[in-house]
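On the provided structure of chain A, position chain V as indicated by the hints.
Number of protein chains: 2
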Amino acid sequence: MFQALKEASKARESREVPIGAVIVKDNKIIARGFNKCIALSDPTAHAEIVALRKAAKKLKNYRLNDCYAYATIEPCLMCAGALAKARIKKIIFGAFDKKADCYKNILKTGDIKKLSRRLVIVGKKEKHLSAECANIIKDFFKKIRQQKA
Amino acid sequence: MFQALKEASKARESREVPIGAVIVKDNKIIARGFNKCIALSDPTAHAEIVALRKAAKKLKNYRLNDCYAYATIEPCLMCAGALAKARIKKIIFGAFDKKADCYKNILKTGDIKKLSRRLVIVGKKEKHLSAECANIIKDFFKKIRQQKA
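From first to last, the protein sequence lines are chains A and V. Going by full-length UniProt numbering, the first sequence opens with residue 1, and the numbers climb by one from there. Going by full-length UniProt numbering, the second sequence opens with residue 1, and the numbers climb by one from there.
Be careful, since some hints might not be right.
Just so you know, same-sequence chains aren't split out, so a pair can sit in one copy or run between any two.
[What the hints assert, rightly or not] With a Cα cut of at most 25 Å, we get these calculated PhoX-like pairs of lysine-lysine: (1) K25 - K148; (2) K58 - K36; (3) K6 - K98; (4) K28 - K138; (5) K58 - K148; (6) K138 - K58; (7) K142 - K89; (8) K10 - K57; (9) K54 - K25.
Note that these hints are calculated values from the structure, not bench results. Source: prediction; values computed, not measured.
Excised from the complex, chain A in its bound form:
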């Protein structure tokens, strides 16, 4: 998660919403990603999707069996769907995103569980640098609000 957080800080440096993700296979990081929506003019360029696409390219397979995803924030609807489609084994995220509420609202819904296949979202407070993952975003938006004021 520390590595995902490092990615998030790269996003902050480029003035994108600071979210980072890494994809792990056999205990090794095979791909990294941070939010690049504005830089790439790409609404799908969330950290998780950027990392996912890199990992699939690397493995030359659109199915990422036996891979784990670490993301600083609870994935949104699009990212959760993408991670499920890619057959990611488990997603570990740092902090919950109350606005998206994907974990609570979507993935626990009975019928959607089928869709999510082997997808399990885990967000444990202390273990996954939860506070750091949340704070980097909070501080980012706080600064933007201050600049606007």
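Chain V in isolation, oriented as in the chain A frame:
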């Protein structure tokens, strides 16, 4: 929708699941896409996402305000999320996807409605070549099953 269906047949020619999509702005098609997951080793390369990324690149904006998306099949969790994030005004799809059931299960859920913002999914039978959109996929999988048997 006829144009989206044309895209779907391109996917079929490349032996990908035959789904197609187009993005429309000011009554003009600004981007087209068909399923390229296998060809690109990219789990996110669904028709809708391919078209969405092209459209955003063209408009040099990750927000596709005042754009409409036409897809041959009901979008999956990932695509629905992506279209919502991109602020697509309306999605018109040809045939329902009973397996994904995104429309019924996700977008009608109260809390998720907020997420979907101005996203409205419409699938009207006769008007949107529904049978053709469904049949191209059915025939594709039927052939695959026959080849395996």
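Here is what the structure says about each hint:
1. Taking the shortest alpha-carbon separations for K25 and K148, neither the intra-copy value of 42 Å nor the inter-copy value of 31 Å comes in at or below 25 Å.
2. For the identical chains of this complex, K58 and K36 are neighbours both inside a copy (20 Å) and across copies (16 Å), given an alpha-carbon limit of 25 Å.
3. Proximity of K6 and K98 under a CA criterion of 25 Å is satisfied intra-copy only: 22 Å inside one chain copy versus 40 Å between copies.
4. Taking the shortest Cα distances, K28 and K138 never come within 25 Å of each other, neither inside one copy (30 Å) nor across copies (40 Å).
5. Proximity of K58 to K148 under the C-alpha cut-off of 25 Å is found in neither arrangement, the shortest distances being 41 Å within a copy and 29 Å between copies.
6. In this assembly of identical chains, the alpha carbons of K138 and K58 never lie at most 25 Å apart, being 33 Å within a copy and 32 Å across copies at closest.
7. In this assembly of identical chains, K142 and K89 lie within 25 Å of each other by CA distance neither inside one copy nor across copies; the values are 35 Å within and 29 Å between.
8. Taking CA atoms no more than 25 Å apart as the test, K10 paired with K57 passes in both settings, with 22 Å inside one copy and 22 Å between copies.
9. Taking CA atoms no more than 25 Å apart as the test, K54 paired with K25 passes inside one copy only; the shortest distance there is 13 Å, against 31 Å between copies.
In terms of the numbered hints stated before, the structure departs from hints 1, 4, 5, 6 and 7, listed from lowest to highest.
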